[in-house]
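Okay, here's what each chain looks like letter by letter:
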Amino acid sequence: AQTVTQSQPEMSVQEAETVTLSCTYDTSESDYYLFWYKQPPSRQMILVIRQEAYKQQNATENRFSVNFQKAAKSFSLKISDSQLGDAAMYFCAYPTSSGSARQLTFGSGTQLTVLP
Amino acid sequence: DGGITQSPKYLFRKEGQNVTLSCEQNLNHDAMYWYRQDPGQGLRLIYYSQIVNDFQKGDIAEGYSVSREKKESFPLTVTSAQKNPTAFYLCASSKGTWEGVSEAFFGQGTRLTVV
Chain B
1 AQTVTQSQPE MSVQEAETVT LSCTYDTSES DYYLFWYKQP PSRQMILVIR
51 QEAYKQQNAT ENRFSVNFQK AAKSFSLKIS DSQLGDAAMY FCAYPTSSGS
101 ARQLTFGSGT QLTVLP
Chain P
1001 DGGITQSPKY LFRKEGQNVT LSCEQNLNHD AMYWYRQDPG QGLRLIYYSQ
1051 IVNDFQKGDI AEGYSVSREK KESFPLTVTS AQKNPTAFYL CASSKGTWEG
1101 VSEAFFGQGT RLTVV
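First to last, the sequence lines map onto chains B and P. Position one of the first sequence corresponds to residue 1 (my numbering), numbered consecutively onward. Position one of the second sequence corresponds to residue 1001 (my numbering), numbered consecutively onward.
Chain P extracted, bound-state conformation (with noise of 0.2 Å):
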């Protein structure tokens, strides 16, 4: 079945570690999004990418980093420098971004904890 895996589905992260987040996917979409959830609030958009080796800052990329070596993954890495890293990370993908944004397909999301 296609869709969007994300591992591990719980990470603990001592302080001053960098720890990478895990997003694959086999829908065949061009786009791929992290975003960051703090409890009881929305989304906000960390990095995307549009397509291979490409990739663009959201509204909070302080602290971390990200790679798009191949179409079906994008790795979040989350650094030392992200002074407040425990969260609830999403990953998702969509058919594009030219022409428009199709509907986003999500991962099943990994909880940061840093300990």
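Chain B extracted, bound-state conformation (with noise of 0.2 Å):
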């Protein structure tokens, strides 16, 4: 089964620190894109980042940036310089086949707490 995991539940940061969301995943693809969503208490879902499995170099986003590691499946979320507005539920993505079809399926999802 092509799964995505998140497996810390719940982090926090104290404000202007840096944070990493860690996230795994199971491919067989070799071309493929993973995303970063985040979900503030307004439930909006917003993306934050995406990575091209075939690009070496890691994606930036002003203070948002990721560590692909291809080989190990392994697509990590650093948020740098934290601010209180960066408290979110956090989701990494990833595309999953069903028969000809794909669709993003979700990990469980991070809550980041940010400390003033």
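Rather than coming from a laboratory, the hints here were simulated on the basis of the structure. Don't take each hint at face value.
Claimed, not checked - If the Cβ cut is set under 10 Å, some of the chain B residues that face chain P in the computed set are:
no., residue
1, Ser22
2, Tyr33
3, Tyr37
4, Lys55
5, Pro116
For glycine and all other residues, C-beta sits at the position ideal for the given N, C-alpha and C.
Both chains come to you apart, so use the hints to assemble them.
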């Protein structure tokens, strides 16, 4: 079965510090996208960052960056200079296959608390 | 502005009733999805559709039904056969599923409560 695993149900970080959220996935494909989504208390799902598997360079979006280890099937999210507004549930997501179709499969999420 | 609109934001259902959740997108996306989210948990796929007049069951399709008569619309009906329908429902769309899945864009969700 194709799965996405987030092993940290909860994490906390001090404001202005750095935190890393982990995600592992299982696939036999060679080219695919990986995504991190953020869900704040409003429950609106917001795309944080995406990584293309064929690119060796790790994706970066302002204070958010990924550490993509393709061989290890690991896709962690690093948040630098954490801000109070970063407090949210974070989900990693990966396209899984069902016959000819693909859909996004989500991990169980990591609840991030930012401490002032 | 392009986006996905879900309605209503809150919905109350009496036991034994069917209810329909609306999802409309103007992003010209081919693929649309319905996810269910229970408190403190991740998203589970209910149904998805790659093109008009076609849809497939996801992981938890029992007790739900969908239609895709227009590219822009993908309504979800929660039937009386769904024994535990109280949850937060999210609709999403993406460019397509054939060559790969681009990022999904989400609506603001519908919170369904059985009373």
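Report task. Double-check B/Pro116 for me: the hint is only fine if its C-beta lies closer than 10 Å to a C-beta in chain P. Result -> Interface hint status for B/Pro116: violated (23 Å vs cutoff 10 Å).
Query raised in the report: Should the hint that B/Tyr33 touches chain P count as held when the rule is a Cβ pair under 10 Å?
Result: 7 Å, holds
Query raised in the report: Regarding the hint that B/Ser22 lies at the interface with chain P, is the smallest CB-CB distance below 10 Å?
Result: Where the cut-off is 10 Å and the nearest Cβ of chain P is about 15 Å from B/Ser22, the hint is violated.
**Report entry** Evaluation of the interface hint that places B/Lys55 against chain P, nearest CB under 10 Å
**Finding:** 14 Å, violated
Query raised in the report: If you take the shortest Cβ to Cβ gap from B/Tyr37 to chain P, is it below 10 Å?
Result: Result: holds, 8 Å to nearest chain P Cβ.
Against the hints set out earlier in the document, violations occur for numbers 1, 4, 5.
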